[in-house]
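S.K.: Protein chains in written order, with my numbering: chain C, 1 to 367; chain U, 368 to 493.
Simulated from the structure, these hints should not be mistaken for laboratory data. Among the hints, a few may not be true.
Under 10 Å between C-beta atoms, here's a sample of chain C residues computed to sit facing chain U [stated by the list, open to error]:
hint : residue
1    : 36
2    : 41
3    : 229
4    : 231
5    : 232
6    : 295
7    : 296
8    : 298
9    : 325
10   : 347
Here are the computed lysine-lysine pairs in the BS3-like style, where the Cα-Cα straight-line distance is at most 25 Å [what the hints assert, rightly or not]:
hint : chain 1 : residue 1 : chain 2 : residue 2
11   : C       : 349       : U       : 418
12   : U       : 463       : U       : 429
13   : U       : 458       : U       : 383
14   : C       : 324       : U       : 463
15   : C       : 324       : U       : 429
Think of the CB as a built atom: it goes at the ideal place given N, C-alpha and C, for glycine as much as any other residue.
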Amino acid sequence: MPETTLVRTPLFDRHVALGARLVPFAGWEMPIQYAGILAEHQAVRTAAGLFDVSHMGEIEVRGEGAVALVDRVTTNSVAALPVGGVQYSLLLRPDGGIIDDVLVYRLEKAILLVVNAANTEKDLAWIRERAPRDVSVIDCSRDLALVALQGPSAARILEDAGGGAFTGLRYYHAAEGRLAGHPAVVSRTGYTGEDGFEVCVESERAGDVWDLLMESGRPRGLAPAGLGARDSLRLEVRFCLYGNDIDETTNPFEAGLGWTVRMEKSEFVGRDALERARGAGVARRLVGFVAEGREIPRHGYALRAGGRAAGSVTSGGFGPTVGKGIGMGYVPAEHAAPGGTVEVDCRGKWAAARIVKGPFTTPRTHK
Amino acid sequence: MTPDDRKYTEEHEWVKLDGAVGTVGITDFAQGELGDIVFLDLPRVGTRTEKTKPFGSVEAVKTVSDLYAPVSGTIVAVNEELVSAPDLVNKDPYGKGWIVRIEIADAAEASALLSAGDYKKHIGLH
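Turn these sequences into a full structure, and let the hints guide you.
M.R.: Structural data, given as structure tokens:
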């Protein structure tokens, strides 16, 4: 592996003190697990988990034309988003390929985009190229830290931590306020399928916020949780992972993300290609499947549908809540119906897996 | 935690000898690297093993790894408890987390394996 300097989040020393196993991830040195992935996964499903996701990129778009610019480079409708609203959206290439999947926050004075760590530079360049003079596109990734408090006890923990002002937020809404005495943007969002919040604070303040939440959460069973549990939690509710399930060669319709595309809004990058794609119909679809036996489909394993090669598993693993091997992958549209079977090459053995509709476990996010 | 009452392989298995039968498991180092184990794919009793060839696999939440036969021989027992409690391998890798018992074909093969001291040096080099 080439020698590269990994970036550390402001919470690095805390992870070390908590006994985390740290791994390189998108140029960052991140905790993959503390006590163990299963225990952390369970904590989030039954009580709560605290994740350091400061590796995520934050891009602030400011100025008169900020809304119009973000509207033009994303698929969802920013114009329709009220102040305090958050939306899941996509950045597309002109050919409809997905550049990134992002969260768009409409704040009082700016639009905040939370983007994938590995895509931050690419997204910044893409948006800046399209920005008019009066709009600033600012990379805040190093200045801002992001902490995710997730699980059925998240709201009570946040309240105990003095964050009662945020516990009334509806799902996919955000508010600017204070936590641990510091300015923070808190949203009712997450990547686990549980109720929860994501807290964005200045990097120098992240330690205070982390400590306060850990302390408030301890009596309620809060556990620090790493990227390992984050991945198994998101897979169980079938959230896409950029670089695995979606990338520049996949379009939103085949990925099942058509709901993020507002074809009726004003012109946006990728729109013409999507118009054509919609007319032609999708040739393949991203499906979710559960292994019938004890095999565990994993990323990269070959897939077969209707007796023919059908690409590979885009995300896979053991679903702790499901208790079985689960996965996702693209199969020809004619073989994508729920109830159908795909076969996964599990290390030389073709294992049957049943295509299921929707998430593997029912999300319990706040309404 | 590397008991010196048994032999080791560079692939992180241990073998505890009892006459011509060796009980086989994976080391504490190996279970730690794998993380939470959720399933073991194991051969049936009577299956022949060939030294250094895979005889099964261990599925953990994050990853999967082959099990390599430390010696050639015949499987005479499989730890059935691991079917319902694969995490025994994490919790007690040198005891209740044993995996198979092999009737060893050639005693010289077993005595040529690493000592506890050599194995510790081996993982120290990692």
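S.K.: Does each hint fit the structure? Answer for all of them.
M.R.: Hints versus structure:
{"no.": "1", "hint": "36", "in the structure": "holds, 5 Å"}
{"no.": "2", "hint": "41", "in the structure": "holds, 8 Å"}
{"no.": "3", "hint": "229", "in the structure": "holds, 9 Å"}
{"no.": "4", "hint": "231", "in the structure": "holds, 8 Å"}
{"no.": "5", "hint": "232", "in the structure": "holds, 6 Å"}
{"no.": "6", "hint": "295", "in the structure": "holds, 8 Å"}
{"no.": "7", "hint": "296", "in the structure": "holds, 5 Å"}
{"no.": "8", "hint": "298", "in the structure": "holds, 7 Å"}
{"no.": "9", "hint": "325", "in the structure": "holds, 8 Å"}
{"no.": "10", "hint": "347", "in the structure": "holds, 7 Å"}
{"no.": "11", "hint": "349(C) - 418(U)", "in the structure": "holds, 22 Å"}
{"no.": "12", "hint": "463(U) - 429(U)", "in the structure": "holds, 23 Å"}
{"no.": "13", "hint": "458(U) - 383(U)", "in the structure": "holds, 18 Å"}
{"no.": "14", "hint": "324(C) - 463(U)", "in the structure": "holds, 24 Å"}
{"no.": "15", "hint": "324(C) - 429(U)", "in the structure": "holds, 13 Å"}
Hint compliance for this structure: every hint is met.
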